[in-house]
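2 protein chains.
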Amino acid sequence: MRIVLALGGNALLRPNDDGTVESELKRAKQSLQPIETLLSGREKILITHGNGPQVGNALLRVEASIPKTPPRPLDHLVSDTQGGLGYLLERTVRNLILKNNGSREVLAMLAQVEIDSDKDSFRNAIKPIGPYYSIENKAELERKGWFVKKTDRGLRRLVPSPKPKRVVELEIIRSLFENRVLVITAGGGGTPVVTTERGYEGVEGVIDKDSVASLLACELNATHLIIATDVDNVWVGKEKTPLEKITKDEIKLYYEKGEFPEGSMGPKVEAGIQFLERGGEMAIITSTEKISLALQGEAGTIITN
Amino acid sequence: MRIVLALGGNALLRPNDDGTVESELKRAKQSLQPIETLLSGREKILITHGNGPQVGNALLRVEASIPKTPPRPLDHLVSDTQGGLGYLLERTVRNLILKNNGSREVLAMLAQVEIDSDKDSFRNAIKPIGPYYSIENKAELERKGWFVKKTDRGLRRLVPSPKPKRVVELEIIRSLFENRVLVITAGGGGTPVVTTERGYEGVEGVIDKDSVASLLACELNATHLIIATDVDNVWVGKEKTPLEKITKDEIKLYYEKGEFPEGSMGPKVEAGIQFLERGGEMAIITSTEKISLALQGEAGTIITN
Numbered sequence: 001m002r003i004v005l006a007l008g009g010n011a012l013l014r015p016n017d018d019g020t021v022e023s024e025l026k027r028a029k030q031s032l033q034p035i036e037t038l039l040s041g042r043e044k045i046l047i048t049h050g051n052g053p054q055v056g057n058a059l060l061r062v063e064a065s066i067p068k069t070p071p072r073p074l075d076h077l078v079s080d081t082q083g084g085l086g087y088l089l090e091r092t093v094r095n096l097i098l099k100n101n102g103s104r105e106v107l108a109m110l111a112q113v114e115i116d117s118d119k120d121s122f123r124n125a126i127k128p129i130g131p132y133y134s135i136e137n138k139a140e141l142e143r144k145g146w147f148v149k150k151t152d153r154g155l156r157r158l159v160p161s162p163k164p165k166r167v168v169e170l171e172i173i174r175s176l177f178e179n180r181v182l183v184i185t186a187g188g189g190g191t192p193v194v195t196t197e198r199g200y201e202g203v204e205g206v207i208d209k210d211s212v213a214s215l216l217a218c219e220l221n222a223t224h225l226i227i228a229t230d231v232d233n234v235w236v237g238k239e240k241t242p243l244e245k246i247t248k249d250e251i252k253l254y255y256e257k258g259e260f261p262e263g264s265m266g267p268k269v270e271a272g273i274q275f276l277e278r279g280g281e282m283a284i285i286t287s288t289e290k291i292s293l294a295l296q297g298e299a300g301t302i303i304t305n
Numbered sequence: 001m002r003i004v005l006a007l008g009g010n011a012l013l014r015p016n017d018d019g020t021v022e023s024e025l026k027r028a029k030q031s032l033q034p035i036e037t038l039l040s041g042r043e044k045i046l047i048t049h050g051n052g053p054q055v056g057n058a059l060l061r062v063e064a065s066i067p068k069t070p071p072r073p074l075d076h077l078v079s080d081t082q083g084g085l086g087y088l089l090e091r092t093v094r095n096l097i098l099k100n101n102g103s104r105e106v107l108a109m110l111a112q113v114e115i116d117s118d119k120d121s122f123r124n125a126i127k128p129i130g131p132y133y134s135i136e137n138k139a140e141l142e143r144k145g146w147f148v149k150k151t152d153r154g155l156r157r158l159v160p161s162p163k164p165k166r167v168v169e170l171e172i173i174r175s176l177f178e179n180r181v182l183v184i185t186a187g188g189g190g191t192p193v194v195t196t197e198r199g200y201e202g203v204e205g206v207i208d209k210d211s212v213a214s215l216l217a218c219e220l221n222a223t224h225l226i227i228a229t230d231v232d233n234v235w236v237g238k239e240k241t242p243l244e245k246i247t248k249d250e251i252k253l254y255y256e257k258g259e260f261p262e263g264s265m266g267p268k269v270e271a272g273i274q275f276l277e278r279g280g281e282m283a284i285i286t287s288t289e290k291i292s293l294a295l296q297g298e299a300g301t302i303i304t305n
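Going down the list, the protein sequences come from chains A and B.
Letter 78 of the first sequence, counting from 1, is numbered 78 in UniProt numbering, and no numbers are missing.
Letter 301 of the second sequence, counting from 1, is numbered 301 in UniProt numbering, and no numbers are missing.
Any given hint could turn out to be false.
If chains are identical, the list can't say which one is meant, so a pair holds when it fits in one copy or spans any two.
Using 25 Å as the maximum straight-line C-alpha spacing, the simulated BS3-like pairs for lysine-lysine come out as follows [stated by the list, open to error]:
id : residue 1 : residue 2
1  : Lys-150   : Lys-138
2  : Lys-68    : Lys-144
3  : Lys-68    : Lys-138
4  : Lys-68    : Lys-150
5  : Lys-144   : Lys-26
6  : Lys-26    : Lys-68
7  : Lys-99    : Lys-165
8  : Lys-138   : Lys-127
9  : Lys-68    : Lys-127
10 : Lys-149   : Lys-165
11 : Lys-68    : Lys-149
12 : Lys-257   : Lys-138
13 : Lys-245   : Lys-290
14 : Lys-68    : Lys-257
FYI, nobody ran anything at the bench for these hints, they're computed from the structure.
Given the structure is predicted, the values throughout are model-derived calculations rather than measurements.
Input sequences plus hints: build the corresponding full structure.
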């Protein structure tokens, strides 16, 4: 098997967790222990992961210490979280492999992801990010060049969520993956960049991590794309009927009917469909606890051609 | 040539800079442009770098937003800076290589560095880090388990500066280095870890980046260790006589006489001596502007056997 595994935010943080690194480490271990045999074994695996709560905290920290420390744009903050979470996950995975007497090398590396700067997804700020601000701050926030949106809890900054076009470090990732190194990369969707006449430049946006996972899975000729989330199955309808084995065309119909909410299950299903359309064998959407069973066809939502 | 290049903090930030990422990017470009031919060429190169001001700002940000966001231990903050600075340097280096029509791959990866937990350097907190605190906060700071020291500007936290023993990801770094990938890693000395019966665990400390550079240079059988700093040469004596070509044994005598201040030139000279003692050919201490000339034997302090 050639596997790309996208870990959802809940692999590191759940609703009642306190958000400290101690609880993140505990949660990471708990999330990955059910697949320790897989991690320690012979399959080729790449892991990517979300960074929502962590980049949210990073934004709060930057805001709280201005002007004592300089502002820090979003591309740099995403890179910071690739560093911090990469360390946390690499350590957790390596310890599980050691415990299982596995011999696999583990590496966390930074990924820059080139986005399509012509697409509307880059021009339109749609993704809410960071803290809530009081309504009185509107003018001040807009002076920073931010798009802001009124919500029930106050103003929220919106950033673009551009579509990923290419992972800049792809060739190195590919060679590590082929050599069975367990690569952890493109956390939080990777750091968004565009190419200009001056070379690569960073942009303030957040790429959907499932979309990058799908892109990486296609480029690496993965057989399996596994999207780990907080539920065992994708649901449809008022009765919340869990989807088990389903074809790409069947789930596409549900998708087109609007069964899957934007910003949660929608992008995951879309990533799975895209992967199968570009040559993938199987997309699995399930909880980390059920991944091993799902790979045997006995749990989770399993999408095939 | 097989080169390990350690970039000092001033490659990214100089005394009058405002500390924004815009100025860091400008400074990185300015520091690396003089060696763009080297970066784009056929030599094997690994780059490591400091993170002093950046981890200092990270500590300030954490402090400023407690209790809105949870505390963040030093090993995680060092990893964050490996992420943020790795991105910044990788982008800068890649753009310089593209400009020179080079074909080299560039990668920024996280490094965990195992420290010697038996050594005094781990037990003794000696390295000042982070913001200055008012003297009234002494009891509160000590309740956190911190060592604090009184300075002219207020209280300062002290952390251990343990000696590096082993880079956890060494085998991957070696294989990338041999394949001529330009690896950027172990920023800020790498993230300090110890091994316990539970596997690798992080520790709160800061490893000297020149010491890690020397260790990496030895392990990679580098021929050249280049330590880039803010002066063209190492100085000795009251007349500040610049050292040019010098043998390891000659500079060792100056070192033992206490010519080089701790925390600045001392660790650089020590790293150079250590590299030569373990089989290195040439250690260079100079400014980034003079690296190319120094490699031709025409500038910098050049230490050989």
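Each hint tested on the structure:
Taking identical chains as interchangeable, the C-alpha atoms of Lys-150 and Lys-138 lie at most 25 Å apart only when both belong to the same chain, with a minimum of 9 Å there against 43 Å between chains. Proximity of Lys-68 to Lys-144 under the C-alpha cut-off of 25 Å is found in both arrangements, the shortest distances being 18 Å within a copy and 23 Å between copies. For the identical chains of this complex, Lys-68 and Lys-138 are neighbours both inside a copy (22 Å) and across copies (21 Å), given an alpha-carbon limit of 25 Å. For the identical chains of this complex, Lys-68 and Lys-150 are inter-copy neighbours only, at 22 Å across copies versus 28 Å inside a copy, given an alpha-carbon limit of 25 Å.
For the identical chains of this complex, Lys-144 and Lys-26 are inter-copy neighbours only, at 22 Å across copies versus 38 Å inside a copy, given an alpha-carbon limit of 25 Å. Taking the closest pair of Cα atoms, Lys-26 and Lys-68 come within 25 Å of each other only across two copies (21 Å); inside a single copy the shortest separation is 33 Å, beyond that limit. Proximity of Lys-99 to Lys-165 under the C-alpha cut-off of 25 Å is restricted to the inter-copy arrangement: shortest distance 22 Å between copies versus 38 Å within a copy. Taking the shortest Cα distances, Lys-138 and Lys-127 sit within 25 Å of each other inside one copy (17 Å), while across copies they are farther apart (43 Å).
Proximity of Lys-68 and Lys-127 under a CA criterion of 25 Å is satisfied inter-copy only: 22 Å between copies versus 28 Å inside one chain copy. Taking the shortest alpha-carbon separations for Lys-149 and Lys-165, neither the intra-copy value of 28 Å nor the inter-copy value of 51 Å comes in at or below 25 Å. In the homo-oligomer, the alpha carbons of Lys-68 and Lys-149 lie at most 25 Å apart only across protomers (22 Å), although the nearest pairing inside one protomer, at 27 Å, exceeds that limit. In this assembly of identical chains, Lys-257 and Lys-138 lie within 25 Å of each other by CA distance neither inside one copy nor across copies; the values are 36 Å within and 62 Å between.
Only within a single protomer do Lys-245 and Lys-290 lie at most 25 Å apart by alpha-carbon distance; the minimum there is 14 Å, versus 64 Å between protomers. Proximity of Lys-68 to Lys-257 under the C-alpha cut-off of 25 Å is found in neither arrangement, the shortest distances being 50 Å within a copy and 40 Å between copies.
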